[in-house]
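There are 2 protein chains.
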Amino acid sequence: MMNSAPRFSHYRCCLCGKEYSPDQAIYNCLIDGGNLDIILDLQQIRKGKSREAILSSSETSLWRYLPLLPVADPGYYGTTLRLAGGTPLLHPIQLEKQLGVHTLWIKDDGKNPSASFKDRASAVVVARAREIQASTVVTASTGNAGAALACMAAAIGQPAVIFTPKSAPPAKVAQLLVFGARVILVDGNYDSAFDLTIQAAHEFGWYCRNTGYNPFTVEGKKTAAFEIWEQALLRRTSQRPLVLCVSVGDGNIISGLHKGFKDLLELGWIDQLPRIIGVQSTGSAAIANAFHAGDENIIPVKADTLADSISVDLPRDGVRAIRAARQTGGSYLLVEDDAILQAISSLGKVGIFAEPAGATAFAGLQSAVTKGLVTPEDDVLVMNTGSGLKDIRAAMQAVTPAPVIDPDMNSLKKYLGV
Amino acid sequence: MMNSAPRFSHYRCCLCGKEYSPDQAIYNCLIDGGNLDIILDLQQIRKGKSREAILSSSETSLWRYLPLLPVADPGYYGTTLRLAGGTPLLHPIQLEKQLGVHTLWIKDDGKNPSASFKDRASAVVVARAREIQASTVVTASTGNAGAALACMAAAIGQPAVIFTPKSAPPAKVAQLLVFGARVILVDGNYDSAFDLTIQAAHEFGWYCRNTGYNPFTVEGKKTAAFEIWEQALLRRTSQRPLVLCVSVGDGNIISGLHKGFKDLLELGWIDQLPRIIGVQSTGSAAIANAFHAGDENIIPVKADTLADSISVDLPRDGVRAIRAARQTGGSYLLVEDDAILQAISSLGKVGIFAEPAGATAFAGLQSAVTKGLVTPEDDVLVMNTGSGLKDIRAAMQAVTPAPVIDPDMNSLKKYLGV
Numbered sequence: 045m046m047n048s049a050p051r052f053s054h055y056r057c058c059l060c061g062k063e064y065s066p067d068q069a070i071y072n073c074l075i076d077g078g079n080l081d082i083i084l085d086l087q088q089i090r091k092g093k094s095r096e097a098i099l100s101s102s103e104t105s106l107w108r109y110l111p112l113l114p115v116a117d118p119g120y121y122g123t124t125l126r127l128a129g130g131t132p133l134l135h136p137i138q139l140e141k142q143l144g145v146h147t148l149w150i151k152d153d154g155k156n157p158s159a160s161f162k163d164r165a166s167a168v169v170v171a172r173a174r175e176i177q178a179s180t181v182v183t184a185s186t187g188n189a190g191a192a193l194a195c196m197a198a199a200i201g202q203p204a205v206i207f208t209p210k211s212a213p214p215a216k217v218a219q220l221l222v223f224g225a226r227v228i229l230v231d232g233n234y235d236s237a238f239d240l241t242i243q244a245a246h247e248f249g250w251y252c253r254n255t256g257y258n259p260f261t262v263e264g265k266k267t268a269a270f271e272i273w274e275q276a277l278l279r280r281t282s283q284r285p286l287v288l289c290v291s292v293g294d295g296n297i298i299s300g301l302h303k304g305f306k307d308l309l310e311l312g313w314i315d316q317l318p319r320i321i322g323v324q325s326t327g328s329a330a331i332a333n334a335f336h337a338g339d340e341n342i343i344p345v346k347a348d349t350l351a352d353s354i355s356v357d358l359p360r361d362g363v364r365a366i367r368a369a370r371q372t373g374g375s376y377l378l379v380e381d382d383a384i385l386q387a388i389s390s391l392g393k394v395g396i397f398a399e400p401a402g403a404t405a406f407a408g409l410q411s412a413v414t415k416g417l418v419t420p421e422d423d424v425l426v427m428n429t430g431s432g433l434k435d436i437r438a439a440m441q442a443v444t445p446a447p448v449i450d451p452d453m454n455s456l457k458k459y460l461g462v
Numbered sequence: 045m046m047n048s049a050p051r052f053s054h055y056r057c058c059l060c061g062k063e064y065s066p067d068q069a070i071y072n073c074l075i076d077g078g079n080l081d082i083i084l085d086l087q088q089i090r091k092g093k094s095r096e097a098i099l100s101s102s103e104t105s106l107w108r109y110l111p112l113l114p115v116a117d118p119g120y121y122g123t124t125l126r127l128a129g130g131t132p133l134l135h136p137i138q139l140e141k142q143l144g145v146h147t148l149w150i151k152d153d154g155k156n157p158s159a160s161f162k163d164r165a166s167a168v169v170v171a172r173a174r175e176i177q178a179s180t181v182v183t184a185s186t187g188n189a190g191a192a193l194a195c196m197a198a199a200i201g202q203p204a205v206i207f208t209p210k211s212a213p214p215a216k217v218a219q220l221l222v223f224g225a226r227v228i229l230v231d232g233n234y235d236s237a238f239d240l241t242i243q244a245a246h247e248f249g250w251y252c253r254n255t256g257y258n259p260f261t262v263e264g265k266k267t268a269a270f271e272i273w274e275q276a277l278l279r280r281t282s283q284r285p286l287v288l289c290v291s292v293g294d295g296n297i298i299s300g301l302h303k304g305f306k307d308l309l310e311l312g313w314i315d316q317l318p319r320i321i322g323v324q325s326t327g328s329a330a331i332a333n334a335f336h337a338g339d340e341n342i343i344p345v346k347a348d349t350l351a352d353s354i355s356v357d358l359p360r361d362g363v364r365a366i367r368a369a370r371q372t373g374g375s376y377l378l379v380e381d382d383a384i385l386q387a388i389s390s391l392g393k394v395g396i397f398a399e400p401a402g403a404t405a406f407a408g409l410q411s412a413v414t415k416g417l418v419t420p421e422d423d424v425l426v427m428n429t430g431s432g433l434k435d436i437r438a439a440m441q442a443v444t445p446a447p448v449i450d451p452d453m454n455s456l457k458k459y460l461g462v
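If you read the sequences in order, they're chains A and B.
For the first sequence, our numbering assigns the number 45 to the initial residue and increments by one for each residue that follows.
For the second sequence, our numbering assigns the number 45 to the initial residue and increments by one for each residue that follows.
Treat the hints as calculated values from the structure; they're not laboratory data.
These figures come from a predicted structure and were not determined experimentally.
Note that beta-carbon positions come from the ideal geometry of N, C-alpha and C, so glycine has one too.
Wrong hints could be hidden among the right ones.
Stated by the list, open to error - Cross-link-like lysine to aspartate or glutamate pairs, in silico, EDC-like; alpha carbons within 20 Å at most:
no.	chain 1	residue 1	chain 2	residue 2
1	A	K457	B	E63
2	A	K458	B	E247
3	B	K458	A	D231
4	B	K458	A	E247
5	B	K303	B	E63
6	A	K303	A	D85
7	B	K415	B	D450
8	B	K346	B	D239
9	B	K303	B	E274
10	A	K457	B	D231
11	B	K415	B	D235
12	B	K306	B	E63
13	B	K210	A	D450
14	A	K458	B	D239
15	B	K306	B	D357
16	B	K457	A	D239
17	A	K210	B	E63
18	B	K458	A	D239
19	A	K457	B	E140
20	B	K457	A	D231
21	B	K457	A	D381
22	A	K458	B	D231
23	B	K210	A	D452
24	A	K210	B	D450
Unchecked claim - Across the chosen pairs, the derived CB separations fall in these ranges:
no.	chain 1	residue 1	chain 2	residue 2	range
25	A	T104	B	Q316	25 to 31 Å
26	B	Q316	A	E247	19 to 25 Å
27	A	D117	B	Q316	44 to 50 Å
When you get a sec, could you build the whole thing from the sequences and use the hints?
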């Protein structure tokens, strides 16, 4: 199926350590269903003077990091597939002062082509799909992941099928349909859509993008870590580990960030990992619960939070998500929905419009400061995972309604009290 | 009021040619109310080796073009104010082939911080507001312009007031409020909000951003022309004039693009202007009507189109908008709302999610090809003025609803007919 030599060494199960050949068509571990890590050929990367190549590259998207990716250059210049990643790093001094931290950065992944972090995963998965000549890429999704797949697939004319619970907001479904994906609403929940996706992929020979199932999603998501390396780590002077706050739903984004920093550490391009703090809503806390119980045993919850992108009953990448915090001296924090709404407002007031899941990470930072987990000496980076335009209903809950006046100066002065 | 020397030569009325000093606090011509052009000091710019400075700048936002802007560097690094502009140029080969043009580029201004072209204007106006030490910036808006002002003002802690007709969609009002602007709903239409804004600005000493009134909005918008110069004009080989398709509402965007290219022509950095084709909805055709009547006499209409960003009764920058097409060998085209919806779908299928006003320009190109206004030898650039996430309701009209099935393989196979 491959039309070129594999660009990684092997797959390795995160639970039992079993290794699989890169030529194998495989998703999860065949023994215990564990998530598979993709292990790079570090020797090859070092030989290729990759660090110099990356740092001097004129490419600004995530394809800048091609030497560290397990796929070949997909081509398709001038399409939205080439625009994933490369998102801006903001430095809102007002919030930095309010929180009293040494440095506060916010990385705005709402600026991706389909307006969420998920484009990183979908770009790499779609590139992989082309490599293995997949006829169709399929995914289960309640929103962002589907939009990301639909957008990246549309960019290169790759057929895509998306299974979505029929309870999904019509607006999110509209975005999938605009991108020309074949959208099939399922009379069931996300888990039933997830299972049907896997069956359909198996039976029809479709390539399955499902988050926490396809090993390439993490490889796409790790590119955010590489950007943080260039945008923040290489430019700061502090020797303390960077603190990284990120919201957690199924656990795949935090696992992707962790993987990226591990790649950099193994290459010797960084000498310490950032402290990764995962933030969940109290209404969807399966991974945080397991973290604080001190083990890796994820007990599903009945999720209920307004941050729909991280509202997850059964996290599909929970074990690696726990390790992302545990192995980096990080932690897990829980925040209430009210704090998430307040965080939307706080970020908005410095010009950053975040979706609830993105604001969750900032709410977590506020909590971390209060608890003393983050100190005035710390440099902190908060990941905003998506644009607030993705969920205007939540934004409406975060603000006070505007007054109505008659269109004349008397009414205006009366309202202003002048 | 100014805290530095003026960075332009003078203002000049587009109707009577009367000139005003750059130190004067002025909006429209005091004699005939004509829009004022800001005239640069070209000699100064040439002396500064500005072309070389720009082409070698590491700045990627619109502040790259500071030598050609009438404001000083506003500072505020790390804020969204520094991220306006610098939007991607896409090259969707599928659509290029379908249309049968030599080259098709789409410039995606939905990637601006508040997700529309209007950020360009607001960034420069807010920079100007700081220069003249304005206490408050005010604007009338039904959506994008207000969001852009609110976002840019929030970025630097500049107080902003926005007057919006109370009929504005709650979702758009929510975005204004999230950015922390003082939003006042007016029990009247846009024109009454516009007039109230001017009165309030006058009485309270606020700085007024109103489109087609404040001369600095065009100066911000012209930066899109500069980006087109670098991204397209400098990189192509054809000697034919570039064809530029852009949707037109109040006429300020097309005037801004025209101004940018005129600046470049006067500097000798380009040797011909692009042919600028303005596209309006049949339901909001005041400027197109005047263009085809052969004069500059704008007769207001009762606007009714789903493309709300270009739904305008009384265009505030109509004369310059007519000249943008007339002085460049361009034209004006009208498209039906149905064609706009189809264009949303066509762009979506290559991964670009445009708001109706953005898709209008693409619908116009399709019409231009049919009419022979654009030929197979032409290089064409279509400006997408905003993200489709700004108007999900319109997107929902552009797609066919998705089917619903039970979450099992039998139901799926039945639906797929396999």
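Problem - Structure versus earlier hints, numbers of those that do not hold, lowest first - result: 1, 7, 11, 15, 17, 19, 21, 26 and 27
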